[in-house]
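A.B. asks: The task is simple: from the sequences and hints, build the whole structure.
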Amino acid sequence: MKRLVVVLVASVVAACSTVPRSEPVKIVDYVCDGGKGFAVTYLPEQDRALIDIEGSRFRLQAESADGAEQRFGCDVLTLSRRAALARVDMQGEHLYENCRARN
Numbered sequence: 018m019k020r021l022v023v024v025l026v027a028s029v030v031a032a033c034s035t036v037p038r039s040e041p042v043k044i045v046d047y048v049c050d051g052g053k054g055f056a057v058t059y060l061p062e063q064d065r066a067l068i069d070i071e072g073s074r075f076r077l078q079a080e081s082a083d084g085a086e087q088r089f090g091c092d093v094l095t096l097s098r099r100a101a102l103a104r105v106d107m108q109g110e111h112l113y114e115n116c117r118a119r120n
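Its first residue numbered 18, the sequence shown is counted upward by one per residue in this note's numbering.
With a straight-line Cα cutoff of 25 Å, these simulated SDA-like cross-link-like pairs (lysine to any residue) come out: (1) Lys43 <-> Arg65; (2) Lys43 <-> Gly54; (3) Lys43 <-> Asn120; (4) Lys53 <-> Glu71; (5) Lys53 <-> Gly72; (6) Lys43 <-> Gln78; (7) Lys43 <-> Ala79; (8) Lys43 <-> Gln87; (9) Lys43 <-> Glu114; (10) Lys43 <-> Asn115; (11) Lys53 <-> Gln108; (12) Lys43 <-> Asp106; (13) Lys53 <-> Ala101; (14) Lys53 <-> Gln78; (15) Lys53 <-> Val93; (16) Lys53 <-> Ser97; (17) Lys53 <-> Ala100; (18) Lys43 <-> Lys53; (19) Lys43 <-> Gly84; (20) Lys53 <-> Asp92; (21) Lys53 <-> Arg99; (22) Lys53 <-> Glu86; (23) Lys43 <-> Ala56; (24) Lys43 <-> Glu71; (25) Lys43 <-> Gly90; (26) Lys53 <-> Leu102; (27) Lys43 <-> Thr95; (28) Lys43 <-> Gly72; (29) Lys53 <-> Asn120.
Computed Cβ-Cβ distance ranges for the label pairs, DEER-style: (30) Ser73 <-> Gly52: 17 to 23 Å; (31) Glu80 <-> Gly52: 26 to 32 Å; (32) Asn115 <-> Glu62: 28 to 34 Å; (33) Arg119 <-> Arg74: 17 to 23 Å; (34) His111 <-> Ala56: 16 to 22 Å.
The hints are simulated quantities; they were obtained by calculation from the structure and are not laboratory data. Quick caveat, the model's predicted, so the values are computed rather than measured. Every residue gets a Cβ at the ideal spot worked out from N, C-alpha and C, and that includes glycine.
C.D. replies: The structure is reproduced here in structure tokens:
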């Protein structure tokens, strides 16, 4: 399973743009099932989010979502959140599930 995660993250690097950490905005740390976690910097004025996951940073664009759910994505990575809960999918597979905001 860990090898699959590494392979999936490597494929995301090729498909999503990486960006340096530069904008001082709200960062939310998430803790997920299995002790995994990631951090997201939300940029509401730009309809974007930056996700730090598996040692890489990816720029995600806001996508349409229903109701209270927010969704951000790039070619192969999607971040979905509803209130303090979040999930990350890579290439259609649930990679990080049942994630709760720590801050």
